[in-house]
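Counting from 1, one number per residue, gives the positions in the sequence shown under this note's numbering.
Just so you know, the hints here were simulated from the structure itself, not pulled from any lab data. Misleading hints may appear alongside valid ones.
Straight line, CA to CA, 20 angstroms or less: simulated EDC-like cross-link-like pairs of lysine to aspartate or glutamate [said to hold, decoys possible]:
| no. | residue 1 | residue 2 |
| --- | --- | --- |
| 1 | K130 | E146 |
| 2 | K206 | E192 |
| 3 | K278 | D247 |
| 4 | K145 | E256 |
| 5 | K244 | E280 |
| 6 | K245 | E186 |
| 7 | K206 | D356 |
| 8 | K206 | E146 |
| 9 | K415 | E280 |
| 10 | K428 | D262 |
| 11 | K52 | E116 |
| 12 | K415 | D156 |
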Amino acid sequence: MPVTEYRTKAQGKVLRAYKDCWERVPAIMGPLGSGKTVESCQKLFAAMCNQKPNADDIRPSRFVAVRNTYPDLTSTTIKDWKELYLQLGRYVGGGLEPPTHHLDFDLEDGTTVNSELIFLALDRPDAVKKLRGYQVTGFWLNEMKELSKAVVDMADLRHGRYPSMAAGRVKPTWHGMIGDTNAPDEDHWYYELAEETKPKGWVFHKQPGGVLCAGDDETFVLNPKAENLGNLPDGYYEKGMEGKKYDWIKVNLANEYGFVADGKPVYEEYVDSVHCLKQEYVPNPAYPIILGVDFGRTPACAFLQFIPGIGRYVGFDEFVTEDMSAALFAPQLKIYIAQNYPNFKISRSGGDPSGDSGGQATEETPFSILRAHGIKMVFPTATNDPLIRRASIINPMTRLCMDGKPAFMISPKAKQWRKGLMGGFCYKRIQVVGDDKFHDQPDKNKYSHICEAGEYGLQQAGEGIAVITPSNDTWTAPVTAAEWSPFD
Numbered sequence: 001m002p003v004t005e006y007r008t009k010a011q012g013k014v015l016r017a018y019k020d021c022w023e024r025v026p027a028i029m030g031p032l033g034s035g036k037t038v039e040s041c042q043k044l045f046a047a048m049c050n051q052k053p054n055a056d057d058i059r060p061s062r063f064v065a066v067r068n069t070y071p072d073l074t075s076t077t078i079k080d081w082k083e084l085y086l087q088l089g090r091y092v093g094g095g096l097e098p099p100t101h102h103l104d105f106d107l108e109d110g111t112t113v114n115s116e117l118i119f120l121a122l123d124r125p126d127a128v129k130k131l132r133g134y135q136v137t138g139f140w141l142n143e144m145k146e147l148s149k150a151v152v153d154m155a156d157l158r159h160g161r162y163p164s165m166a167a168g169r170v171k172p173t174w175h176g177m178i179g180d181t182n183a184p185d186e187d188h189w190y191y192e193l194a195e196e197t198k199p200k201g202w203v204f205h206k207q208p209g210g211v212l213c214a215g216d217d218e219t220f221v222l223n224p225k226a227e228n229l230g231n232l233p234d235g236y237y238e239k240g241m242e243g244k245k246y247d248w249i250k251v252n253l254a255n256e257y258g259f260v261a262d263g264k265p266v267y268e269e270y271v272d273s274v275h276c277l278k279q280e281y282v283p284n285p286a287y288p289i290i291l292g293v294d295f296g297r298t299p300a301c302a303f304l305q306f307i308p309g310i311g312r313y314v315g316f317d318e319f320v321t322e323d324m325s326a327a328l329f330a331p332q333l334k335i336y337i338a339q340n341y342p343n344f345k346i347s348r349s350g351g352d353p354s355g356d357s358g359g360q361a362t363e364e365t366p367f368s369i370l371r372a373h374g375i376k377m378v379f380p381t382a383t384n385d386p387l388i389r390r391a392s393i394i395n396p397m398t399r400l401c402m403d404g405k406p407a408f409m410i411s412p413k414a415k416q417w418r419k420g421l422m423g424g425f426c427y428k429r430i431q432v433v434g435d436d437k438f439h440d441q442p443d444k445n446k447y448s449h450i451c452e453a454g455e456y457g458l459q460q461a462g463e464g465i466a467v468i469t470p471s472n473d474t475w476t477a478p479v480t481a482a483e484w485s486p487f488d
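All chains, please: the whole structure from these sequences, using the hints.
What follows is the structure, encoded as structure tokens:
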């Protein structure tokens, strides 16, 4: 019988720590090319080999490898596993059952490893029902940032159920979940667990980035502490940065939490390192607040302030909701303003003009509901023309103030608005082979509402007027209308 010998060596300090960690949920976050997927394969294989044998010298176990889609599952997860361990058992793919690798091989001590590795694609929260019937030793969560929290939560309750004294005639030596991922966004569940709640039994390993920020926040250099460099082509990271945007490099190569949009940004003029303030903006009570409101079933309110001495608008806060009527939105917005900005006046502000129409069953409009709750200074903009709305923010975004910085900047506090500006508010990609094609209309998503709210606020303040002002006319910065407290 042929003998296969496996020798493994973790290619870095963090990879080694991940390899040696047998807490309930060890996870690793690393850049592209860092070796984390291969290390996860080796870790899963070690769990199979380390399972205590039963009375018949059989080491039984069953694992599930999870990826978000079947194309990704077959092209990466299954491919990487088969390259390492295909010869140790029988792989069955296709048919009604999920792809499964049945491993059956002998160890030097005379015991036999008998294990199953089932490959599942679980890309939706409702996919949790696929997990309910599984009795397994553990899970491999490949590319965790692509998985919903609902799937991970259910998986966490299905491990440790095999082997048992009834099935396999031995208890599991280790059971749990292992996982690997590229850096997710800061509002992702992974970030919340790793950086904030830090649940017991979960260990989050973070590899050094393949590149480091050079210090000016715009350029990157090779990180001498990067892991797995010996297994990468020469210049892997240096060449990999060519032609890539800052945000893409930051997330995928520097291994920093961040947001990367998939689509054509509505605001291509926005550059986060230029337009986002380094610190949260503290509004000045001497200047009024401008509100921008978008209605519908996902109403949102953007908070802006115009600084007359400089000529700059700052988007400094947001109030975003989900599945909420105007009747519920208005009192909640009133409470938010009262709690956070009690000493501020509200200048003439703007909202979606479609909100000036009543419903079929009532004459009330979103604007009248706002006024009924004391928010009196929000009026419908003169037009809902997308060209004028977009120009209302792009114009100040591309105009410089006396200090050399843009006439529109945003505070890090307005997280969803900022991500919308970065490309979350986008034209969705059309799947065309060999070319980048996009839809004609922006995608209506969780970022679109707050971005359009900001447009309405700026439009009512006077921005966007340059689009309809003859070129020989003179246009100056807006003068705010009379200011009122929303609670007068």
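Okay, the hints, checked on the actual structure:
1. K130 with E146: 17 angstroms, holds
2. K206 with E192: Between K206 and E192 the Cα gap is close to 14 angstroms, so the pair holds against 20 angstroms.
3. K278 with D247: 16 angstroms, holds
4. K145 with E256: 13 angstroms, holds
5. K244 with E280: 28 angstroms, violated
6. K245 with E186: Holds, at about 19 angstroms.
7. K206 with D356: The hint is violated at about 51 angstroms.
8. K206 with E146: 17 angstroms, holds
9. K415 with E280: 11 angstroms, holds
10. K428 with D262: 8 angstroms, holds
11. K52 with E116: Roughly 16 angstroms separates the two Cα atoms, so the pair holds.
12. K415 with D156: Not OK: K415 and D156 at ~30 angstroms, beyond 20 angstroms, violated.
When each numbered hint is compared with the structure, violations occur for hints 5, 7 and 12.
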